[in-house]
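Peer 1: Can you build the whole structure from these sequences, using the hints too?
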Amino acid sequence: MPRLFSELWQYRHFVISSIRNELKSRFARSKLGGLWVIVNPLSQVLIYALILSNVLAAKMPGVDNTYGYAIYLMAGLLAWSLFIEIITRCLNLFIVQGNLMKKMSFPRITLPCIVTGSCLLNYILLFSAMLVIFVFLGHQFSLVMLWLLPLTLIVVALALGIGLTLGILNVFLRDIGQVVPIIIQVWFWFTPIVYPESIIPENYRHLMNLNPMYVIVSAYHKALVFNEAPQVLGIAIVSVVAVALLLLSLFVFFRANAEMVDVL
Numbered sequence: 251m252p253r254l255f256s257e258l259w260q261y262r263h264f265v266i267s268s269i270r271n272e273l274k275s276r277f278a279r280s281k282l283g284g285l286w287v288i289v290n291p292l293s294q295v296l297i298y299a300l301i302l303s304n305v306l307a308a309k310m311p312g313v314d315n316t317y318g319y320a321i322y323l324m325a326g327l328l329a330w331s332l333f334i335e336i337i338t339r340c341l342n343l344f345i346v347q348g349n350l351m352k353k354m355s356f357p358r359i360t361l362p363c364i365v366t367g368s369c370l371l372n373y374i375l376l377f378s379a380m381l382v383i384f385v386f387l388g389h390q391f392s393l394v395m396l397w398l399l400p401l402t403l404i405v406v407a408l409a410l411g412i413g414l415t416l417g418i419l420n421v422f423l424r425d426i427g428q429v430v431p432i433i434i435q436v437w438f439w440f441t442p443i444v445y446p447e448s449i450i451p452e453n454y455r456h457l458m459n460l461n462p463m464y465v466i467v468s469a470y471h472k473a474l475v476f477n478e479a480p481q482v483l484g485i486a487i488v489s490v491v492a493v494a495l496l497l498l499s500l501f502v503f504f505r506a507n508a509e510m511v512d513v514l
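Take any residue in the sequence shown, count from 1 to its spot, add 250: that is its number in my numbering.
Don't read these hints as lab results, they were simulated from the structure. Note that the Cβ used here is the ideal one computed from N, Cα and C, for glycine as well. Some hints could be false.
Unchecked claim - Label pairs and their calculated CB-CB ranges:
no., residue 1, residue 2, range
1, 264, 445, 36 to 46 angstroms
2, 457, 374, 27 to 37 angstroms
3, 266, 507, 45 to 55 angstroms
4, 399, 512, 36 to 46 angstroms
5, 445, 349, 41 to 51 angstroms
6, 403, 508, 42 to 52 angstroms
7, 453, 266, 46 to 56 angstroms
8, 400, 266, 20 to 30 angstroms
9, 501, 436, 41 to 51 angstroms
10, 390, 348, 46 to 56 angstroms
Peer 2: Structure representation (C-alpha cells):
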C-alpha cells in the first residue's frame, strides 16, 4: 500500500494532465468549448425540475415545495450518476487502454485514478448546477449538506472497488461487459431514486438494506431534500463494505496486472 501511494505521488502530474487533456478533448472542436460542461448538466436538471414536476404533478411527502419530486429525483441521481459513471468507465478501461499499457511503462493504477478524477469533476459540475436549480426552486439548505463530503468518498470507494474488479475480469472474460449493463438497469430500479421508499411494502422494506446504494441514496435524500442527518449506523456499514471492496480490487489488480498486459 505505501508503494501505491508513492507511485501515485510520483506520477501525480501525469494523472492531473490526463484529466485536463481528457476534458479538453471532449470540447476540442466546439464553439462554446468548456461551457458545455455547465450547459449539459444544467439542461438535464432543468428537465427534471420543470417538466417532470409539472407534467407528473408529483409532490413529495415531507417537502413543502411544488417541485419536491424534482428535488428528490435530482438528489438521488446525483449519487447514482457518480456511482455508475465510475463503474461503467472502469468496466472497459483496460481494454480501451490496452495499447498504451503494452507500449508504455508506467504505474497502471494511474488509469483508474484518472477515470475517478474525471468522474469527480463531472460530479462537481453537476452538483453545482443542481444547487443553482434548487435555489431557483426556493429549496432551503442547511449545514447537514456537509454530509455530502464523506458520502461522496464512500460512493467513490464503493464504485471503484466494484468497477476495478469488473474491469479486470472483463479483460479475461468479455461476457462481463455484456452482463453488467443489464445488472445496472435492474439495480437502478431496485434503488428508490425515481420513487419514494414509502411505496415499498413494510414486509419487504428491510431487504432494501442489503442494497448499499439504497443506504447512500437515502442519505443524499435526507441531506439535500429533507435537511436531516443520515443514519450513522447504515453509513458506517456501507463504508466498511466499500473499503473492503476497494482493498479487494487493489489486491486483484496487483495480482493480475502482468497477466492483463499479456492477454491484451
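Peer 1: Indicate, hint by hint, whether the structure satisfies it.
Peer 2: Results of checking the hints against the structure:
no. : hint                           : in the structure
1   : 264 to 445: 36 to 46 angstroms : holds, 43 angstroms
2   : 457 to 374: 27 to 37 angstroms : holds, 33 angstroms
3   : 266 to 507: 45 to 55 angstroms : violated, 23 angstroms
4   : 399 to 512: 36 to 46 angstroms : holds, 41 angstroms
5   : 445 to 349: 41 to 51 angstroms : holds, 44 angstroms
6   : 403 to 508: 42 to 52 angstroms : violated, 30 angstroms
7   : 453 to 266: 46 to 56 angstroms : holds, 50 angstroms
8   : 400 to 266: 20 to 30 angstroms : holds, 24 angstroms
9   : 501 to 436: 41 to 51 angstroms : violated, 28 angstroms
10  : 390 to 348: 46 to 56 angstroms : holds, 50 angstroms
Consistency note: the structure conflicts with the earlier hints numbered 3, 6 and 9.
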